[in-house]
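Given the structure of chain Z, go ahead and fit chain V onto it with the hints provided.
Chains as they are written, first to last, in full-length UniProt numbering: chain Z, 1 to 78; chain V, 1 to 173.
Please note: incorrect hints may appear among the correct ones.
Derived DSBU-like pairs (lysine-lysine); straight-line CA-CA distance at most 30 Å [as the list claims (entries may be wrong)]:
(1) LYS63/Z / LYS133/V
(2) LYS165/V / LYS51/Z
(3) LYS165/V / LYS77/Z
(4) LYS75/Z / LYS163/V
(5) LYS133/V / LYS55/V
(6) LYS63/Z / LYS45/V
(7) LYS55/V / LYS45/V
(8) LYS29/Z / LYS45/V
(9) LYS75/Z / LYS133/V
(10) LYS45/V / LYS163/V
(11) LYS75/Z / LYS7/V
(12) LYS163/V / LYS51/Z
(13) LYS96/V / LYS54/V
(14) LYS75/Z / LYS165/V
(15) LYS29/Z / LYS133/V
(16) LYS163/V / LYS77/Z
(17) LYS51/Z / LYS55/V
(18) LYS54/V / LYS51/Z
These aren't lab readings, by the way, just hints derived from the structure by calculation.
Source: prediction; values computed, not measured.
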Amino acid sequence: MNIEKFIQEFTEQFDDLDTSTFTAETLFKENDEWSSMTALSIIAMVDDSYKVRLTGDDVRNSKTIQDIYDIVLAKSKL
Amino acid sequence: MQLPIHKYGLIFRLVEETDAEFILSLRTDNIHARYLSPTENDLQKQIDWIRKYKKREEKQQEFYFLFADEDNQPVGVVRVYDIQNDTYTNGSWIVKPGCDEFISIKSDLFLADFAANQLENKRCVFDVRKDNKKALRFHRMFSRITGEDEINYYFTIDEADAKRKYEFLTSII
Numbered sequence: 001m002n003i004e005k006f007i008q009e010f011t012e013q014f015d016d017l018d019t020s021t022f023t024a025e026t027l028f029k030e031n032d033e034w035s036s037m038t039a040l041s042i043i044a045m046v047d048d049s050y051k052v053r054l055t056g057d058d059v060r061n062s063k064t065i066q067d068i069y070d071i072v073l074a075k076s077k078l
Numbered sequence: 001m002q003l004p005i006h007k008y009g010l011i012f013r014l015v016e017e018t019d020a021e022f023i024l025s026l027r028t029d030n031i032h033a034r035y036l037s038p039t040e041n042d043l044q045k046q047i048d049w050i051r052k053y054k055k056r057e058e059k060q061q062e063f064y065f066l067f068a069d070e071d072n073q074p075v076g077v078v079r080v081y082d083i084q085n086d087t088y089t090n091g092s093w094i095v096k097p098g099c100d101e102f103i104s105i106k107s108d109l110f111l112a113d114f115a116a117n118q119l120e121n122k123r124c125v126f127d128v129r130k131d132n133k134k135a136l137r138f139h140r141m142f143s144r145i146t147g148e149d150e151i152n153y154y155f156t157i158d159e160a161d162a163k164r165k166y167e168f169l170t171s172i173i
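Chain Z with its partners taken away, still in its complex shape (with noise of 0.2 Å):
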């Protein structure tokens, strides 16, 4: 895992938005997109690049892309 593809993948879940300043430490839920549809868009692509189940307790308590990486890594290595 890296952290650079992990970024790309979490910003082509949103779909109005301008991600280009995205980074491992941006806040993804202060914006106007962010909904239940992008929360579980999210939690689709990691289930499916990663082979980890997030849950919305996992979303719920991140606030950086950063947190939502470590989960995923966290989990990876169970």
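For chain V alone, kept in the frame of chain Z given last:
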């Protein structure tokens, strides 16, 4: 199924005329209701619509659900309609802005429970706007496209895929 139901940390009940103002506030939100059919910002018309709906509900032709949080504050609505011999449709989904991201998932699970109880042996068919990219991505995971027109893709979901979707959503909340 006896309503109201307390499940997934929400309270589900059928819509009443007194919910007209809440529903209107959701459906006239230009951002969050952009994928729903347009609604005129007219409270009396919304009340009249609900009054007519209640007649369809009496005949078990349609069910319009409101879900509230544990403090009984309304947070969203969803509708089951066009109930035929072998199919039904759900839609009109909308959640109050600023609520927990996973409320809509919980309401989807409630609908699955309702369908298993009340709409036994009926297959869900539904449409998704072509420009609603995230919803399309999600529904393509579990459902099959059966057709399209200029505005919508038309989907159906069979029993095995509905079970797979239920298990996926349950594992998230």
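Right, here's what the structure says about each hint:
Restraint check: the Cα-Cα separation between LYS63/Z and LYS133/V comes to about 24 Å, which is no more than 30 Å; the hinted pair holds. Taken as a hint, the LYS165/V and LYS51/Z pair is honoured in the structure, with Cα atoms around 16 Å apart against an allowance of 30 Å. Between LYS165/V and LYS77/Z the CA atoms are separated by roughly 25 Å; this keeps the pair inside 30 Å, and the hint holds. Restraint check for LYS75/Z and LYS163/V: satisfied, since their Cα atoms lie roughly 25 Å apart, inside the 30 Å limit.
Restraint check for LYS133/V and LYS55/V: the C-alpha separation of about 35 Å exceeds 30 Å, so the hint is violated. For a cut-off of 30 Å, the pair hint linking LYS63/Z to LYS45/V is broken: about 41 Å separates their Cα positions. Between LYS55/V and LYS45/V the alpha-carbon distance is near 16 Å, which keeps this suggested pair within the 30 Å criterion. For the hint pairing LYS29/Z with LYS45/V, the CA-to-CA distance comes to about 35 Å; that exceeds 30 Å, so the pair is violated.
For the suggested pair LYS75/Z and LYS133/V, the alpha carbons sit about 28 Å apart, so the restraint of at most 30 Å is met. For a cut-off of 30 Å, the pair hint linking LYS45/V to LYS163/V is broken: about 38 Å separates their Cα positions. At roughly 28 Å between alpha-carbon atoms, LYS75/Z and LYS7/V fall within 30 Å of each other, so this suggested pair holds. This hinted pair checks out: LYS163/V and LYS51/Z have alpha carbons roughly 19 Å apart, not beyond 30 Å.
Using a Cα cut-off of 30 Å, the hinted pair LYS96/V and LYS54/V holds, with the two alpha carbons roughly 23 Å apart. Distance hint between LYS75/Z and LYS165/V is fulfilled; the C-alpha atoms sit about 22 Å from each other, no more than 30 Å. Distance restraint check for LYS29/Z and LYS133/V: the Cα-Cα separation of roughly 18 Å lies within the 30 Å cut-off, and the hinted pair is therefore satisfied. The hinted pair formed by LYS163/V and LYS77/Z meets the criterion: a straight-line CA distance of about 28 Å does not exceed 30 Å.
Distance check on the hinted pair: LYS51/Z and LYS55/V sit about 47 Å apart at the alpha-carbon level, beyond 30 Å; violated. A threshold of 30 Å between alpha carbons decides the hint, and for LYS54/V with LYS51/Z the separation of about 45 Å lies outside it, so the pair is violated.
The structure is inconsistent with the numbered hints 5, 6, 8, 10, 17 and 18, although it conforms to all the rest.
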